[in-house]
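Using the hints, build the complex out of the two chains.
Protein chains in written order, with the working numbering: chain A, -15 to 318; chain B, 599 to 1015.
The set of hints was computed from the structure by calculation and includes no laboratory data. Hints are supplied without guarantee of correctness; some may be wrong.
Unchecked claim - Below, a sample of chain A positions facing chain B; criterion: calculated Cβ distance under 7 Å:
| hint | residue |
| --- | --- |
| 1 | Thr2 |
| 2 | Phe5 |
| 3 | Leu13 |
| 4 | Asn136 |
| 5 | Phe140 |
| 6 | Gly141 |
| 7 | Thr159 |
| 8 | Gly253 |
| 9 | Thr291 |
| 10 | Val294 |
| 11 | Asn298 |
Said to hold, decoys possible - In silico DSS-like pairs for lysine-lysine, Cα to Cα no more than 25 Å straight-line:
| hint | chain 1 | residue 1 | chain 2 | residue 2 |
| --- | --- | --- | --- | --- |
| 12 | B | Lys611 | A | Lys121 |
| 13 | B | Lys675 | B | Lys690 |
| 14 | B | Lys611 | A | Lys120 |
| 15 | B | Lys690 | B | Lys680 |
| 16 | B | Lys717 | B | Lys680 |
| 17 | A | Lys120 | A | Lys216 |
| 18 | A | Lys155 | B | Lys732 |
| 19 | B | Lys732 | B | Lys690 |
| 20 | B | Lys690 | B | Lys717 |
On a predicted model such as this, the values are computed, not experimentally measured, just so you know. We put the CB at the ideal spot given by N, CA and C, even for glycine.
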Amino acid sequence: MKGYRKYFLSKLAWFLVTFVFAVILNFILPRLMPGDPVAAIVGKLAQGMSNTSGLAKMYQQYTDLFGINKPMLVQFFLYVKNAAHGNFGFSFSQYPRTVANIIASSIWWTVCLQFPAIIVGWLIGNTLGALAAYLKKGFDNVLIPVSIFLSNFPAFGMAVVLLVVFGVGLKWFPTSGGYGFDLIPNVSWKFMWSVIVHYQLPFWSIVLIAIGGQAIGMRSMSIYELNADYVKYSRFLGIPDRKIVGYVFRNAMLPQVTGLALSIGTMVGGALVAEIIFSYPGLGTTLLNSIMGQDYPLISAATLIITVMVLSANFLIEIVYGFIDPRIKAAQAD
Amino acid sequence: MKNTIRQVFHSGKFIVGFFIFMVLLLIVIVYPLIVRGAPLAIIAQGTFFPPGIYVNTYDSINALTTYTLMLDNAAAKRIANKLSNDDRLAMKEWLVADGIPATQIDTSDIVSLLDLWQKNYDPNKSVPGMTNAKRNYYVRVNTSLQGILSIEGYIIATQNATTGALEQTGTVNQSDYVNISQVANVRVLPLGTDNFGRDVLTELVKAAGVSLEIGLVAGTIATLIGLALGLLGGYIGGYVDDIIMFITNMFTVIPTFVLLILISFSIGQDKRGAVTIAVVIGFTSWVWTARAVRSQVVSLRNRDHVNLSKLSGHSIVHIIVADILPYIASYVVMAFILQISSGILSEAGLSILGLGPRTTDVPTLGLMMNWAMIYQAEILGKWWAYFPVLVTIALITFSMNLMNTGLDQVFNPALRD
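Bound conformation, chain B alone (with noise of 0.2 Å):
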């Protein structure tokens, strides 16, 4: 036995898909540690909020202490963040078509640019050959100018609660600075927010845990089915063992998904929790293990130690569990790593089709991705809704099927190089 695994830590491909697979784990387990809060929680107000760090702009202007930094490139930035390269060649594209000659126009010089742009600039001027969006877009850009070249700061102003006049509390300049530590309300949302305006990744490190679990629970239970069967019938045989092959070769053809489809319909959405879906997935899905390990089996009924024991009056459950499930041991190990990644997959198929758990106590992958998929993430470029659940899906089962691949070339020597 010890010999078995230190043999199987020597192929690479098992090492790396246990290295991925571990990693996952101890982030599904870590992470709701460090950061608390439901992971259905709807923090945003909106959808879709792209990555980044998020500061609170009341508590910026309210920073214990204010901090001064003369940056040469300030103006520039800010002005740059508000006038894009595209804007600009458009406001020279409104100037050479106002009259101006081109090479008065310098794009890069921006100071020259709005004053041109202030001196020309009519928002009631018909441009031949205009759209009207073209025209609201250079009315939008106008008003985006205003004061984009003063020095001055904001003035913070209070309403006075008996008056209700505006009293002056505090000046923000230019050059202000706070330092992100000490603003009291910062939230980092490594990947957004999704179309409810939950955070994608917390709502996703509790849907990669919830789809391992239905994973797991499905694997298991087709593992077990699959064994049980495959032992009855392969060791038994005679009518057993064709009626359980009856069935068996019944529900390879029948399509699984099918089964699914039917089955979680009949069951009824607000009956579907994640492990209801976990054990329908197990019930359909035994029949490659059955398969498998009944033809193993008969390949082992004849040996001479099961001979050997049969005659030495063991009973069947003692000669199964000592002279045939230690050599079959290996395969159903493999066929389980796959029964639990193929459950995954099962999952996020039968959540596409919105059929999958309740929306309402857990996410599970395939939900988020059905969730994405309904407010057309992929289609608004909005890729952190869906991207993140793809990967994590391709790593489960690819991690799954490296250590699977491993096993298979230590334990099935013509396979390996």
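Okay, chain A solo, but in the shape it has when bound (with noise of 0.2 Å):
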């Protein structure tokens, strides 16, 4: 067991630290901007709101909540105890919602929409990326400039092209939004049907995109897996094809896992832009309405959230190689 927890520890300190970070950057980087945030507020509060009261209570929120005369650090420690406790404020360009609650109204939707898109996108594309490395010629031929290009093609480009191919064109299936517009929501046939429905177009643009790129990485790994030594030894040894196959992308398969751990952001980041085209009820087509409203508080807890759940990703997966790769076993030996 020693081996296994040396290397959760690792991991989760360096979860930590990663996190104490993000949430410095997260902090620091919209208070390097010339001004000061609040300045900025309420500069944007001028302008923005037609609710007199709603003007005034917000200023005093504010000015509670950022603490503004007091010094930068008391200022981060008021940040983090108010992020802690999902105090984020009311939104702007929502008021009087808070930006904790239209967070709570999105995230489950991205959630529930990236990762097993990107799960079913890197599981197609590992397939996908040994049967090239394996079959070779014909098949590989195909794959290849197929993949370079769904891998290059930007995330919102399929997602468009889905848009107006499927939903557009051939209307099968809805161009926007979550669930129908005439429903509320609540748990009935109706309802699910219309989510799945929904979800149909999103998932599938996140699917292809993720399939390109691995499916590429899947086959350079495993072109290099087969002209090991090892698989040469086993081959004179007569071990049956079938047999040094499966060791082949067995070890072809651990670098594709850290892989996906250091491309999760890049990928999230994609789908969100992906969203915004479906106008999904995710976090990224909250992040553009606070953009488009100059929502500073909606804008700073929806990348908070967004890195937290992106280093969440990464630390998983990172827990999960750890019962996968050999290596941490066998150090769990000695």
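Right under this line is the structure:
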């Protein structure tokens, strides 16, 4: 158990360090801009709001929330304390809703859309990549250019293409939203079905993009492994091809898991923009609305939540990796 | 060096990518020389004019010579243009509902159909089960039919400046034609106009140029930072390496996209020029280059020729430039190409979020996409506003990555077929 524990603890420590660093960045970057955020907020309050009683209330709220006149360090701890309590204040653009409320209502859409899509894309991509490396020629010649094209096509581009073809052209799927505009979220078959139908286009646009990059990576790894000495040795020993291929792909898979952990941030970024195309009620659309409405507290909270999501996903993948990498198991035996 | 380049140009993938890229670059450079005019000039009143050739009606009437062409199908085409097949079927439907037997109505015979229609149609008559929208549709069809079969031309009249009375100055017959080259004002809009009424093609070419520039600036900055940090960390090692690796690992897991959003928002809309965005992208995307360069340098650090160089008393700079850089040059070039294409994509993503360069001075591919999305071009079926943009983005990134894959196969023999 010692190898595992050491591995987990080091990963956990790393997670915490990056987490703290991310929070600091989230705090400090907007404060590096000319003029402090509260001044900017008050400035924007004057132009954006029509509700005067709300205006005064919000001004008071932000004065308390940010502790304007206190030193930077105190402000930072105040920020951390508020964030830990989920207190991000009121939203400018959707007053009187609180930021926490808006985030809470959109985060699950994003989580349920993106993580399954990325995992499915990863699985399909790896399978295709491994097949390309093993079958070579015909399949390889088709798959690789297609994968290169897919992996470099922006996620929002794929979203637009799917939207136009299947949503506007063929009318198979709705073009926007997370559920029918005439429905109120509840637990009924009708609502569920509406959600499932609306889920398809955003889901597949993310999956298709993920497939490309993963297939290319897996193909290179598999070709590399297929040429390794242990494969030749196993062939000389007369081990059946099927068994060797099993070993090869298990070995080629490991760097792909790490690759997923490293690229999940980029993928989420792309997928957020894809959400916007479909007006999917997730964090991407929330982010767009907050930027459009110059809604500083909402942007700050949304970026923080996205960072936390990505870091956690990254951490989870690392933990899974710990279970499947035989080298960590070997360290345990020492 | 010469040999390497020759080898690179033997790779099919590289050549295809290089060719596509050069064609794009050529268009970006040559097009503005031929078609002059500000890319952001608003030329159309109204949104989303479809692609086509726009001929000035006023100038056509005033053309120097008019030609008479006797073409058999001119009348039929004219009618078909006004009265589509759907309209004819709808007319038949109305007539049938009015009580005329369907066998008597022949939709292919325009003359008899119109004859029947004119005799029987009454806009005030209510047909049971017909919606109001449908009734209005029939009124519209009926108005458009006025004069459809007439063979007389139009009279051109101008207003007398003093009396205000109309005076005939000429006639336009149905068989009159003008040669398009003699019409003073003809504007070709191969990709129509966008939501603001700007020529999409001119805008697109400029946008592609600006986006390439953004990619280039971002790629250069990212590659330089990545290279510097990678070389420092990899070659010097020790504490320097630990610190650099710590920072690099940190920025690997923190999503770049979030950093981009925070920084771009903090800069503020009016201060965000195309170059500013490029610099911001460059400063947030050096991580991969730094990691890769470092790991390559670590493996090179203890090679014999490097040790020999050290023993000969060469300076660190000399060792890095003469003994290490040549080994990683191919890799750095490949990373640079990828950085350019990912820089272009980052800009597009940011712009769609509304955090792209300010919209007043230059278009970028991302901004064009953003405008098309805001005005719902995709839902309205105005494909010319977004599809060419997507194709351009895809062609740029695709060509870059083909070049990259080609180079990879040249420098990394294990990946060759």
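For each hint, the structure was consulted:
no., hint, in the structure
1, Thr2, "5 Å, holds"
2, Phe5, "5 Å, holds"
3, Leu13, "4 Å, holds"
4, Asn136, "4 Å, holds"
5, Phe140, "6 Å, holds"
6, Gly141, "5 Å, holds"
7, Thr159, "6 Å, holds"
8, Gly253, "3 Å, holds"
9, Thr291, "5 Å, holds"
10, Val294, "5 Å, holds"
11, Asn298, "5 Å, holds"
12, B:Lys611 to A:Lys121, "15 Å, holds"
13, B:Lys675 to B:Lys690, "20 Å, holds"
14, B:Lys611 to A:Lys120, "17 Å, holds"
15, B:Lys690 to B:Lys680, "16 Å, holds"
16, B:Lys717 to B:Lys680, "20 Å, holds"
17, A:Lys120 to A:Lys216, "18 Å, holds"
18, A:Lys155 to B:Lys732, "23 Å, holds"
19, B:Lys732 to B:Lys690, "14 Å, holds"
20, B:Lys690 to B:Lys717, "13 Å, holds"
The structure agrees with every numbered hint stated previously.
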